[in-house]
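Protein chains in written order, with the working numbering: chain H, 9 to 371; chain X, 9 to 371; chain U, 9 to 371; chain E, 9 to 371.
Honestly, I wouldn't trust all of these hints.
Taking lysine-lysine pairs in the BS3-like style, the calculated list, with each CA pair at most 27 angstroms apart, reads [claimed, not checked]: (1) E:K24 to X:K24; (2) E:K24 to U:K331; (3) H:K331 to H:K99; (4) X:K208 to X:K24; (5) H:K208 to X:K41.
What the hints contain is simulated information worked out from the structure, not anything from laboratory work.
Number of protein chains: 4
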Amino acid sequence: MSDGSDKQIYYSDYLKLDELLQCQELESARRGKVAHDEMLFIVIHQAYELWFKQIIWELSAVHRLFDSSTVSEPSVGEAVHHLERITEIQKVLVQQIDVLETMTPLDFLDFRDALIPASGFQSVQFRLVENMLGLRPQDRLTYGSGSYLSRLQEKHRKLLHESESRPSLFDLVDEWLSRTPFLDFGEFNFWSAYRQAVDKMLTQDKDSIESNPLLSDENKEVQLKALRGTRTEFDSLFDRELYDRLVADGKRRLSYNAFTAALLINLYRNQPILHLPFRMLTLLMDIDELFARWRHRHALMVSRMIGSKIGTGGSSGHNYLSKVAEHNRVFTDLFNLSTLYIPRSELPELPKAVVEKMGFSLG
Amino acid sequence: MSDGSDKQIYYSDYLKLDELLQCQELESARRGKVAHDEMLFIVIHQAYELWFKQIIWELSAVHRLFDSSTVSEPSVGEAVHHLERITEIQKVLVQQIDVLETMTPLDFLDFRDALIPASGFQSVQFRLVENMLGLRPQDRLTYGSGSYLSRLQEKHRKLLHESESRPSLFDLVDEWLSRTPFLDFGEFNFWSAYRQAVDKMLTQDKDSIESNPLLSDENKEVQLKALRGTRTEFDSLFDRELYDRLVADGKRRLSYNAFTAALLINLYRNQPILHLPFRMLTLLMDIDELFARWRHRHALMVSRMIGSKIGTGGSSGHNYLSKVAEHNRVFTDLFNLSTLYIPRSELPELPKAVVEKMGFSLG
Amino acid sequence: MSDGSDKQIYYSDYLKLDELLQCQELESARRGKVAHDEMLFIVIHQAYELWFKQIIWELSAVHRLFDSSTVSEPSVGEAVHHLERITEIQKVLVQQIDVLETMTPLDFLDFRDALIPASGFQSVQFRLVENMLGLRPQDRLTYGSGSYLSRLQEKHRKLLHESESRPSLFDLVDEWLSRTPFLDFGEFNFWSAYRQAVDKMLTQDKDSIESNPLLSDENKEVQLKALRGTRTEFDSLFDRELYDRLVADGKRRLSYNAFTAALLINLYRNQPILHLPFRMLTLLMDIDELFARWRHRHALMVSRMIGSKIGTGGSSGHNYLSKVAEHNRVFTDLFNLSTLYIPRSELPELPKAVVEKMGFSLG
Amino acid sequence: MSDGSDKQIYYSDYLKLDELLQCQELESARRGKVAHDEMLFIVIHQAYELWFKQIIWELSAVHRLFDSSTVSEPSVGEAVHHLERITEIQKVLVQQIDVLETMTPLDFLDFRDALIPASGFQSVQFRLVENMLGLRPQDRLTYGSGSYLSRLQEKHRKLLHESESRPSLFDLVDEWLSRTPFLDFGEFNFWSAYRQAVDKMLTQDKDSIESNPLLSDENKEVQLKALRGTRTEFDSLFDRELYDRLVADGKRRLSYNAFTAALLINLYRNQPILHLPFRMLTLLMDIDELFARWRHRHALMVSRMIGSKIGTGGSSGHNYLSKVAEHNRVFTDLFNLSTLYIPRSELPELPKAVVEKMGFSLG
């Protein structure tokens with residue numbers, strides 16, 4: 009931080025520390041008996057909320073950059089920078105759980121009852137982050153019968169409800185990928201070439217299974233069945249109708265154009281023009297994964313804190329949270345892409361004209 | 009490390025670096041085309057195996073300390089030291105996944121086929137760690153129909169099979185807890201006092217639910233049902249038969265005496281004599297949790313690496329691994345203890361004579 | 009966190025989120041042009057201040073426990089628990105630097121001028137933490153000519169000045185160690201036995217140097233000189249006057265009794281009664297080390313952020329900070345203890361009566 | 009890892025585990041008394057050496073990509089990928105220190121003497137990493153009088169000596185930067201525009217110091233002197249002779265062309281063509297910083313382990329190591345670049361033709 013002489017701004021005024029450091033009011037103290045660990049409980053949740061605010065700040069910037077019918081290259085660069093920062097913040101969120109774990113169950117019991125029915129489920133900012141990323145109400149594993157909004161105050165419910173109706177990062181990325189110009193290969197029929205390579209690969213696999221003298225008939229059948237499953241997955245790449253059926257079944261969420269663009273970006277990531285898009289997609293997976301990690305750590309911590317205590321809503325806290333950690337993910341399509349890769353040596357070579365278009369003017 | 013002059017031992021001889029650094033032989037190179045990332049794949053798995061060896065070394069020391077009908081206090085202190093080291097190693101195991109994640113699915117495809125059918129499931133040392141901790145064959149989520157031993161070489165199968173028949177850390181801890189002398193309260197009937205406190209707490213809870221004007225009848229019923237569940241859990245504390253039924257149902261694994269001793273250790277952890285036992289139990293949970301974390305990270309990583317590819321054994325790699333992360337735990341009883349805590353203010357006060365016995369001679 | 013029904017407390021009210029989330033006011037916005045990264049700058053410093061508040065909360069609890077002429081065993085246990093929490097918080101402080109490093113120097117330049125002359129040096133809470141630990145004004149590497157108080161507001165200066173006059177954790181630990189009862193060995197003259205063991209060890213070392221045919225005369229002289237230095241260090245253990253001279257020279261800070269007690273605790277840490285004291289001393293070093301780590305990371309970060317820019321006070325920001333990282337340490341005596349260890353096999357065996365006194369009544 | 013059926017490759021054969029896990033031979037066991045912690049000491053150093061091998065593998069790949077008179081864009085992308093992996097490995101190296109810190113000084117003393125005179129200074133692979141990065145013999149803080157090679161075996165000395173004579177990563181990056189085509193701005197005289205902006209900025213700074221009524225004359229003089237220093241630094245940007253004098257004085261190491269190219273890359277990093285070069289430079293600093301962090305952690309750890317014990321070479325282990333942590337850095341020029349930034353609002357706007365050249369063909 010800067011240092012200087014006798015002018016205006018003063019560190020504690022700039023950071024509004026007088027206000028900030030008065031926001032920690034122990035409920036246990038109000039009730040007459042300070043529970044030492046309640047301070048930690050408040051401070052850590054406030055730290056979480058500060059970081060949520062920062063994540064929203066970064067996500068908003070990304071939304072602004074992508075909420076346009078043309079996303080310039082420098083914009084992708086800037087978005088990547090914002091998303092990278094979000095992943096670093098998420099690592100702090102995970103690290104903070106180590107601090108919370110210094111609170112033992114008995115310490116927690118000292119003030120737990122005073123908090124009922126307040127709940128971390130009521131963090132409006134965190135719900136907003138989820139909505140901004142693109143988690144839809146139907147993606148949420150709901151707790152009991154109610155919606156995720158049911159225990160919120162009216163103003164917060166409204167705020168979140170509105171956020172649901174705005175395009176999410178998922179939507180914006182889908183649109184950006186769909187219109188990506190590098191799907192145009194001119195004369196070169198990429199998908200026909202890719203299909204040939206896939207066919208060759210799968211036929212070889214089939215042969216090697218069938219001709220393997222060490223495999224029992226039963227084992228052969230298992231492996232051949234798996235192979236047929238893989239082929240079906242690939243088929244959807246070459247047949248938009250098949251693909252749209254997967255979407256209807258909830259097995260894909262990205263549009264066909266976006267999904268295939270994302271595949272290409274991954275396959276040819278070393279082409280200069282694809283480098284930033286590749287990092288963008290990678291970071292979206294990182295963000296999904298880091299929230300999954302955070303939820304998983306949180307679920308483990310709750311399991312230590314309250315055991316198998318049955319929550320007042322009728323469901324086991326830890327089991328519920330542990331399922332949420334597996335569920336509430338947004339960019340699963342990107343994770344599933346790797347099912348559809350083929351070895352680099354089998355990749356169709358791009359025509360020189362296409363490669364040139366993917367390079368720099370200066371090249 | 010030490011430094012010195014011109015005498016005998018030389019760093020690279022001491023560490024056998026000539027041998028160690030010749031253990032990386034790329035299968036892809038043998039087949040004529042080096043896949044750059046295969047080196048990482050080998051090195052990271054070898055680093056894992058080195059650390060597994062160290063964990064086994066530490067666990068063996070703990071086994072030796074606890075495999076006795078009397079475990080001295082200094083022994084508990086030493087065991088705690090070994091277990092702490094294991095948790096620090098586990099953090100390195102988790103951190104290493106960040107390195108593995110720099111390998112993209114396409115990079116992996118470059119040499120994946122060359123490895124079939126070798127598999128991480130075949131790490132004998134890791135299976136040994138699990139057995140030494142106390143994971144039983146029936147606790148394992150098996151992959152397909154086979155046992156966890158099925159794909160191993162005969163000598164390894166034998167080694168693991170033998171390890172199953174030796175007392176595990178779980179067994180040793182159970183015995184140690186069962187014979188713990190601080191369960192003897194002399195004249196003071198601890199359990200009767202604890203039961204009274206529990207009754208009082210649960211009755212208050214029931215009243216506050218029933219008299220709450222804001223709760224709908226439906227909500228009340230849900231909460232009262234939950235409360236009855238909690239009471240049943242508590243009942244097993246005071247009734248060995250009930251407890252043994254939980255054991256028979258697979259809901260508890262520790263013996264009654266060990267379970268109740270563990271509860272006491274947690275409740276009165278500030279008594280000098282209980283401090284080390286408390287840390288011991290905490291570390292056992294830490295170890296369980298850190299392996300759960302590692303498995304969870306590993307499952308997420310595999311999900312990025314192979315997508316929803318169906319394994320040749322007929323099951324989805326990622327889904328399977330993600331379930332294992334939830335399952336293969338040993339000390340769940342210790343996690344569940346927190347269900348049975350009551351607030352510190354309600355804890356029966358121990359008689360002075362008991363407290364004195366829990367202190368130091370010097371006191 | 010708990011969950012419940014429709015009663016009183018609401019998450020965002022409990023955490024005062026309306027107030028908390030209004031404390032981020034961008035100076036760049038006030039001046040007409042939002043600098044995106046200023047939000048991060050504010051949020052991260054506020055997160056630091058929240059955690060400083062928590063550290064002060066924990067340190068105050070330790071002070072209360074130790075500010076007494078008798079510190080009970082359970083009190084040491086509680087203190088250990090508080091100190092452990094502080095180290096986990098410190099790890100978050102370090103992790104946060106990774107987030108700050110996502111701000112590039114150019115991003116910082118966008119709002120840096122607006123902050124002059126506010127400075128991180130003005131964090132009153134951090135100075136308070138240092139004072140509570142026991143950093144004395146004379147230990148501080150001052151920046152230019154002024155005291156560390158010179159750029160603070162009057163009220164803050166006063167607050168810190170007062171904290172200097174209260175006993176620090178260092179002082180309290182010194183007193184506690186000085187009066188420790190386990191220094192009393194009854195008839196057994198521990199120090200005479202230790203001195204004999206040291207003599208034997210050093211004489212052997214001398215012989216092995218002098219008789220080494222591979223060492224040049226020059227090398228021998230260097231090693232013998234080093235050995236004489238080691239002997240002098242040991243001598244101060246057995247001669248309080250010598251020791252006090254080291255204190256006068258600023259080479260030791262703990263009193264003679266406290267220093268030797270700390271040595272004994274380390275040497276015989278496996279005796280039950282010494283276990284908690286050993287952990288206490290270890291944690292004090294951990295805290296020192298983690299702040300050193302944090303300062304070092306901070307210095308590296310500043311070096312990237314402002315390069316070799318010369319601060320307005322006339323000194324290079326990075327060089328200065330990097331020296332502070334080496335300097336501002338409190339418990340260096342504890343680090344230096346290891347100079348005075350001898351191999352376990354050479355340790356005087358404690359008489360049975362002494363060992364018994366160090367065990368539990370129950371034993 | 010793959011899984012499969014009954015074919016050839018077996019996990020433990022593939023990883024040569026039989027050989028790998030026989031490389032841990034305790035010197036203390038050979039001497040008749042197993043020191044438990046020596047196993048950790050061996051395993052952790054072997055893990056370090058495995059990772060060093062991987063770092064060398066990645067660095068070699070980067071060298072191959074850059075050892076050419078034309079480095080293609082995809083090559084920069086690949087190099088970035090290798091360097092990212094190195095940073096993730098370095099984080100594991102740092103994390104491993106937490107494991108080593110579970111060894112207490114007394115535990116170390118149990119086998120320390122057996123190791124003399126072997127020393128971590130003798131890690132040939134680590135020295136090789138340093139040389140490959142570009143650490144020159146004259147950059148090394150030597151320990152006592154000897155060269156860093158003096159305590160090595162002949163074959164290792166030769167290997168390292170040879171590595172000194174090959175172009176280092178520093179050299180290759182210097183050449184690549186020097187020939188970068190985006191230094192050509194056509195008609196636009198960038199440096200003249202930049203100089204004007206710098207002049208304006210520094211003149212404003214001077215005015216604001218001189219006209220500040222709150223500054224004492226003494227303070228003013230200090231600040232004006234600092235400003236003159238800053239101006240001198242800037243001057244070297246516009247005057248190659250001045251710059252070369254800095255090189256001669258050891259204050260700069262990069263050639264003039266490379267240094268100014270690096271500055272431009274940082275200033276206009278959002279231009280598509282500069283994105284990868286910007287990440288490349290950032291990663292080089294990351295690698296420098298992570299080794300500094302590792303050395304610093306290592307120095308702190310040694311300080312706990314041996315205190316102020318004077319090494320047999322006549323120098324204090326900890327003090328020496330702590331200085332090395334500050335010294336042995338390669339890419340300090342890149343850190344110093346930030347001294348020469350000006351606020352983004354003052355940056356010369358690049359002409360449209362230049363910007364177009366920095367974009368993609370497709371644009």
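How the hints compare with the structure:
Restraint check for E:K24 and X:K24: the C-alpha separation of about 15 angstroms stays at or below 27 angstroms, so the hint holds. With a CA separation close to 47 angstroms, the supplied pair E:K24 and U:K331 exceeds the 27 angstroms bound. Simply put, H:K331 and H:K99 have alpha-carbon atoms about 21 angstroms apart, close enough for the 27 angstroms limit, and the pair holds. Under the criterion of a C-alpha separation no larger than 27 angstroms, the hint pairing X:K208 with X:K24 is inconsistent with the structure, at around 66 angstroms.
A hinted pair counts as satisfied when its Cα atoms are at most 27 angstroms apart, and H:K208 with X:K41 qualifies at roughly 20 angstroms.
The structure is inconsistent with the numbered hints 2 and 4, although it conforms to all the rest.
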